[in-house]
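Protein chains in written order, with our numbering: chain A, 1 to 328; chain B, 1 to 632.
In case anyone wonders, no lab produced these hints; they're calculated from the structure.
Certain hints may be false.
Once the Cα atoms are required to be at most 20 Å apart in a straight line, the calculated PhoX-like pairs of lysine-lysine come out as [unchecked claim]:
| id | chain 1 | residue 1 | chain 2 | residue 2 |
| --- | --- | --- | --- | --- |
| 1 | A | Lys-262 | A | Lys-279 |
| 2 | B | Lys-311 | A | Lys-226 |
| 3 | A | Lys-226 | B | Lys-308 |
| 4 | B | Lys-217 | B | Lys-138 |
| 5 | A | Lys-282 | B | Lys-138 |
Bear in mind that the values here come from a model prediction, so they are computed numbers and not experimental data.
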Amino acid sequence: MALPPPDPQFVLRGTGAAIHTLHFSCGSQEPAVPVLFSGSENGFIHVWNLKTHRVDTALDGHGRKSVYCVETMGGKEQLLSQGRDQRICLWDLAEGRTAVTDSVCTENVGFCRCSLLKVAQGRWLMAMAAKALEEVQVLELPSKTSVCTLKPEVGAKLGMPMCLKLWQPSCGLQPLLLAGYEDGSVVLWNLSMGKALSQLVCHQEPVMSLDFDSEKAKGISGSSEKVLSIWSLNEQQNLQVYKTHKLVNAGISDITIRPDKKILATAGWDHRIRIFGWKNLKPLAVLDYHTATVHAVSFSDHKIPSERLLAAGSKDHRISIWSIYTQT
Amino acid sequence: VSFIPGGLDCSISFVSHVLGKVCVHGRQKEILSVLVPRLTDLTKSDCIWQRICWRLVECVPDRWMEAVVLGFVQRAPGADVLSRLLGNLVVKNKKAQFVVTQKMLLLQYGHTTAVLQNLLGYLALDSLRRALLIKVLKELLETWGSSSAVKHSPPEQQQYISKAILICLSHLKEPEIESCRQELLTSMMEGVKCHLDSNLPQIRRLGMIVAESISSKINTDGPVLKFQYEEDDEARELKSLLVQTPPFCVVPGPPYDDRNDETDAALPGELESNKKSHPAAPVKPEEESDAELDSDDDLIPYDMSEDKELKTKAPVYIRDCIEVLTGSQDVDKWEATVKALESLVRKNPAATREVSVELAKIVLHLEEKTCIEGFVELRQRAQVAILTADPKPVAKYLTSQFYSLNYSLRQRVDILDVLVLAAQELSCPKSDGKTKHSDAQKTRIQLLPGSDSSKDWRRIVDERIKSKTRRFATGRPQVERASGPNEFNSVAGHFFFPLIQHFDRPLTTFDLLGEDHFVLGRLVHALAILMYLAVNTMAVTAMGKALLEFVWALRFHTDSYVRQGLLSCISSVLLSVPAERLLEDMTEELLEARSWLGDVVEKDPDGDCRRLALQNLLLMENLKKKLKTVPS
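Looking at chain B on its own, in the form it has when it is part of the complex:
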């Protein structure tokens, strides 16, 4: 096919026909792979060949135009080459225009970025075609900004359109931007809204990037829109599309690689120029100390290794700590005491037990006097230490304070956190002092053997519970743990029941059922965890019953965080209370809960709630199955 005649007055239309027919039959690749490079070379400098090429494509019959144009756009090594090959075809031929401006951009989305670059670059290169470029941009923005498109079109298409928009923006010149600034702004606002409403993070990010780019184009001076999103390769690639390199790159590689190289080269240069000059040094003596004859050499220094920074000593006795924390004006000592408190309490449990409630009171009300790093954590750990040293009285004190007047939300939530952490510690077999929840539960929970689905939910429930408890240390994974008596057994009730007692009694400053539903949510989650930790304790059945009633009372709460907590409560009950006890003592509550769960699965607007409810139902089903298989 490469026998394009050398004569100038032969008819090209025959060749066009052949070309068109071949292309439409699907042989674009073969013919164009030969034709395009040849034509590229020929048209590089020769105008006549350019005109011949244009004639060639113009004469292709309409019914085959699409295939030919598509092929050319895909094959051309660059926008400028495409421009040379196609000329103003898009302006002259309606079909070509349709293909280029509508079909390839809006109806198809499988083309590569290079193809997009070619296409849009081609549109940008000639003044006649630039009008088309702007038209294309407006249509793209319209699609980008339409909420139904955002909701229903596949993410790949949305990405394609976003890329196209960015490339268009990169081609736009100042006067053009000026003329359509208002439209750009309006479409950007609409589009960004739909994109941010989406649930998929990818769509949100696309929206953000495009909006940022538009904003930077239309507001060249003054503050531009800036979003916060994760910068990964995709984002970077998209952003790099905004910058156009001059069309001199011979290598038709993926466009953004070249641009990235350029920006990389620019960066070190920038850094060097930004280097600050060293501050002026003080006047230095000319003689260096080594060179000078030193008559001081005969003065031999003494050993100065003991010369260290002065540190205030922390008190060594618990009662001293109490003194310092309540009365002392010496801030250094106060700081040292706060830092040392937890370890002191843990080392002297007997001494702590003598003053436990007083100490707990002081630490609960401890305010940050000086700026200590990690003060909140230090205080919490100290409280946990005190609670574990003397659980009953301190738990009684803390739970009573939870419902008292004039505490801040932070303090109440603190109380809950401390109770939960201490419960965790107490219920864990003692090893080296550091507790790890997940290990313990593996050795304790052998409830339900199961099919894969049942294992799944258990893992998910565990994850959920784990995510609600803060961990300070994870420790090393340990295989075997020496077993010891469960210390939580004797005090589980003391932790649990007072918390559940007064939830419906509002105080002047604290109304769990009213505005303080954040605390209610935390309370519910804390109760779920306490329930979970109470497995194998004596009080577990009573706790389970009380908890189910509590859940029943609150089941229609509007806050989804609270509902999630309630559902975790049910999970904990199902997991902790032995199956026989569940069936015998709590049948009605279980049935009621079951019906509620079914309701939640179907009608609850929150996805997490529905999932949790489903898991609970599965749990119940498995429970039933297990009990059926056990001969009673």
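Bound conformation, chain A alone:
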């Protein structure tokens, strides 16, 4: 007899606007407080204290334009945020400051979230959608120098890049980029040469979100249709479809794989969060709390497994925090 799905552990209220992005920062030791960053449609970034369940700080750096991506750069003192004001801002939050230290002008009017990858101490690579419609630009931070610009070949008709993921293969080679495009295909790019290694059409509709497990060389992508597509990367760096999973309702806004690679969560347009086992995409739970589209899901980076949390931000202005499958 299966148990009914659990209720959220707690719900964060008070943003006053739809939430588009979430990011945990709970890895630091005591007495540091575990923190959740959320970016909202009203341009604010809220820093939530996960002990008191209240907003510690509200950052206003995007001119009241929607913030759709929030990432930390090594700890919660440094924050990166991306907004619809065509800017990527770098924040310094140490010791209670709330200052924007630097910003990158993307000149891109899309919704593609940027992707960060740490390559060395104090150095990051950031991939973002560029000014030209189909291009992706990779910058090195904090120097803001351009590493490469990834242009699809003429006539490829990929459309806008919808989601990006930079990753480093375990064998220590150059970092690679996975990009999901408007026409439903996922492309693997080689950054050093600036060309595409493999392209796979996974969906009939735009790829809304993707995530990749570099250990197993397996990735998953979700789209505006009813299908989740799981693909793998073989030794020749070729993408192949591994499996597809049909959903009950169409539309996925966000997918994320838990850091321990055991489960993954999807944020759906049907207001539901679905949990699957990563190994075989076995459906595990459907969390039905929100009353509008869920825009973002994120797993926490707690060191102690039993404290791990899942956060989901929705258009109904709520962030639900769940504690699920924390025993493994």
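Keeping the supplied structure of chain A fixed, place chain B upon it in accordance with the hints.
Just chain B, lined up with the frame of chain A:
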């Protein structure tokens, strides 16, 4: 008689004489039943016997030739056998030729298909005789294509000729078709025209099949003629005649059976080769999920039974519906509202009454925003529901809109349909909400006892009326219905009189008496039904009088649909208005109508009109009789 001498130089003519005499005396069956099989065997391989056989038949005197030839053609088990037995008799002997090419094909039509096959196959088998085949075909086509033949000859003969044509076509070879292509085409065109003009569907179909076959023969490449008709056994049989099997079938059964078997055998083979190969499957993992050691097994899934498709909720209040339908941009909600509207209206009659006219207006003008299945039906049912919930104001609104400017024909006809359906519902005793017209009328109408003929017309009139109303559900047959007050009583007049008021006042976009006679026809039929449903209401007499005057004004309308409607109006009046009222208040109108009906019965070109008029006259007669028997 089977003592055909073994010697080669005896005279055959004596035998021929005997044969001929016996045949002509009507003993064909006996003698030929023995003779033909014997001869068949003997002539199978032996040329000498073949020649003997030919001599035999050639020597039969002319006056008995017909009987002999007929007998042979009927008896022979196949065209090739006939060919062996008769040889070129038809070419050599005039009488035989006449019998085979003219008499059996054109003058008689009682022979079976097998006989036809024999005959025509026989003609086709030898080059000398093929000329005759073509001649025969041309004559057959001439008959087939002659309009007087189509009109006056019995259907059986026409079928026989059609079969003969098809068999001839099946025997024709390419060069022959080439040579007479033009003639075939001309005769086909003429013939098809006469056949399609006919009133009998069987003749039409025969024409279509033959024309299709001819067309397929003469246009082997390029588009062929294709008609739409009902495919039943007869059609299939005819079509199968077009295909000839090689003459190896030993069993002389009906030819088309063999051919059908062959085509059946061919079909599965075809289907198999047409099977599409399965689309290439995506790269599957080698390990099956069951075999793999699954470390996910320790993750126990939660109960996911609540995970269903997301549905937009429809509004629960009528006023919300109004809001959604008028203003909302949310198409999902709009769709859900349209689907839920009828049931909401029926569940909340009081709430509907508050906003009835507004709602009726909105629904009347409702255009299909998204593609909903059965949108037209949904809209109509919603309108009927609104009308029945609050009849007077909504009827007033709808009838006024019927005669207003700038409505499309569809909307006006919609109004009529909605009025009729609502009237039906209102006049029916309420049971479980689903109305059934025919039940109600059985309990209400006890007008005229009758002889069989009078029952007949009543049934026919009812059928006619039933056929004009669309039904959404027939429900279960119910024997007894609890009686309740007739809700149509109070509103019948409101439905009826406004509709009849302005029919002769043309508007710029709507002229009932002019081009929009389709709507006029529908209006007249609707009035007939409303009249019929108004039986036992208070307004029925006034309605009847008005309707009779209306009919009188329109009685010479050129459109037969309108006239049929007018006649149904009269039927309804006669059926609904109580007899006494008819006599007292409407005597002149009735007499005028009577004279008109007599006219229609005799002179109207439309068969249905004449029938209806006759029924009305019968109705009137019965009415008179009934009133005479009742002591006043």
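To see whether the hints hold, each was checked on the structure:
For the proposed pair Lys-262/A and Lys-279/A, the alpha carbon gap of about 7 Å is at most 20 Å, so the pair holds. Between Lys-311/B and Lys-226/A the alpha-carbon distance is near 15 Å, which keeps this suggested pair within the 20 Å criterion. For the proposed pair Lys-226/A and Lys-308/B, the alpha carbon gap of about 13 Å is at most 20 Å, so the pair holds. The straight-line distance between the Cα atoms of Lys-217/B and Lys-138/B is roughly 15 Å, inside the 20 Å bound, and the hint therefore holds.
In summary, the hint linking Lys-282/A to Lys-138/B is not supported, as the alpha carbons are separated by about 77 Å, beyond the 20 Å threshold.
When held up to the earlier numbered hints, the structure conflicts with hint 5 and nothing else.
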